[in-house]
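Colleague: Sequence:
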Amino acid sequence: MRKRETLACISQRIDVYDRFFQDFGFECPLPQHLKRTINSGFPRYNLMVDAHFMAEMCAGILVAVTDYDRIEGRLMLDIAQAGETCVGMGGRQFVTKQGEIVLRDEKDIICILCQGADEKTKVKDDTRNVLFYSYAIPDIDAVYIKEGLVVAAQTMAQFGGGNIEGLEVFVDGSI
1242 MRKRETLACI
1252 SQRIDVYDRF
1262 FQDFGFECPL
1272 PQHLKRTINS
1282 GFPRYNLMVD
1292 AHFMAEMCAG
1302 ILVAVTDYDR
1312 IEGRLMLDIA
1322 QAGETCVGMG
1332 GRQFVTKQGE
1342 IVLRDEKDII
1352 CILCQGADEK
1362 TKVKDDTRNV
1372 LFYSYAIPDI
1382 DAVYIKEGLV
1392 VAAQTMAQFG
1402 GGNIEGLEVF
1412 VDGSI
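According to the numbering used here, the residues represented by the sequence shown are 1242 to 1416, in order.
Treat the hints with care, as some may be off.
Said to hold, decoys possible - Below, in silico cross-link-like pairs of lysine to aspartate or glutamate (DMTMM-like), each with a Cα-Cα straight-line distance of 20 angstroms or less:
#1 1348 / 1291
#2 1361 / 1380
#3 1338 / 1259
#4 1338 / 1291
#5 1361 / 1308
#6 1365 / 1325
#7 1276 / 1256
#8 1361 / 1409
#9 1276 / 1291
#10 1361 / 1325
Derived by calculation from the structure, the hints in this document are not laboratory data.
Note that the structure is a prediction, hence the values are computed from the model and not measured.
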């Protein structure tokens, strides 16, 4: 990992995400996460959610965490058609816009990049296996994606007593 970066460098990446979200008509959560963290410190929910916030703030990227055991089948990164639906966290109904980036399992959309993650794979008290993931968008270098995912995975392994089963960053559609 890189040596400590300045808040300005991390803030620049957060601004890139914010502009990307605005192009789809949504507000990016990262600026609010950064402001809250600076003003109040890291929020404390549970280790899984805390690790994802740490990854976001340390690398300046958007990270998601999901209950891996609730994923049905293989995952696929996809481009949504207008009008697809997903039940988001808290039961919110998400409706996709044409061209939005989505992550699907074999049954449902589990995350819409600009709207949020689904309720089905939300981490809960009984979650035992997690998947951290991040979306690379234009002008966000893969090195920052990897750094953020390493922070999340190592935090979980160290403080949760788990194991890191794999850490992959796919660039330009590679697998």
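Colleague: Hints first: check each against the structure and report whether it holds.
Modeller: Consistency of the hints with the structure:
{"no.": "1", "hint": "1348 / 1291", "result": "violated, 28 angstroms"}
{"no.": "2", "hint": "1361 / 1380", "result": "violated, 31 angstroms"}
{"no.": "3", "hint": "1338 / 1259", "result": "holds, 17 angstroms"}
{"no.": "4", "hint": "1338 / 1291", "result": "violated, 30 angstroms"}
{"no.": "5", "hint": "1361 / 1308", "result": "holds, 9 angstroms"}
{"no.": "6", "hint": "1365 / 1325", "result": "violated, 26 angstroms"}
{"no.": "7", "hint": "1276 / 1256", "result": "holds, 13 angstroms"}
{"no.": "8", "hint": "1361 / 1409", "result": "violated, 24 angstroms"}
{"no.": "9", "hint": "1276 / 1291", "result": "holds, 16 angstroms"}
{"no.": "10", "hint": "1361 / 1325", "result": "holds, 16 angstroms"}
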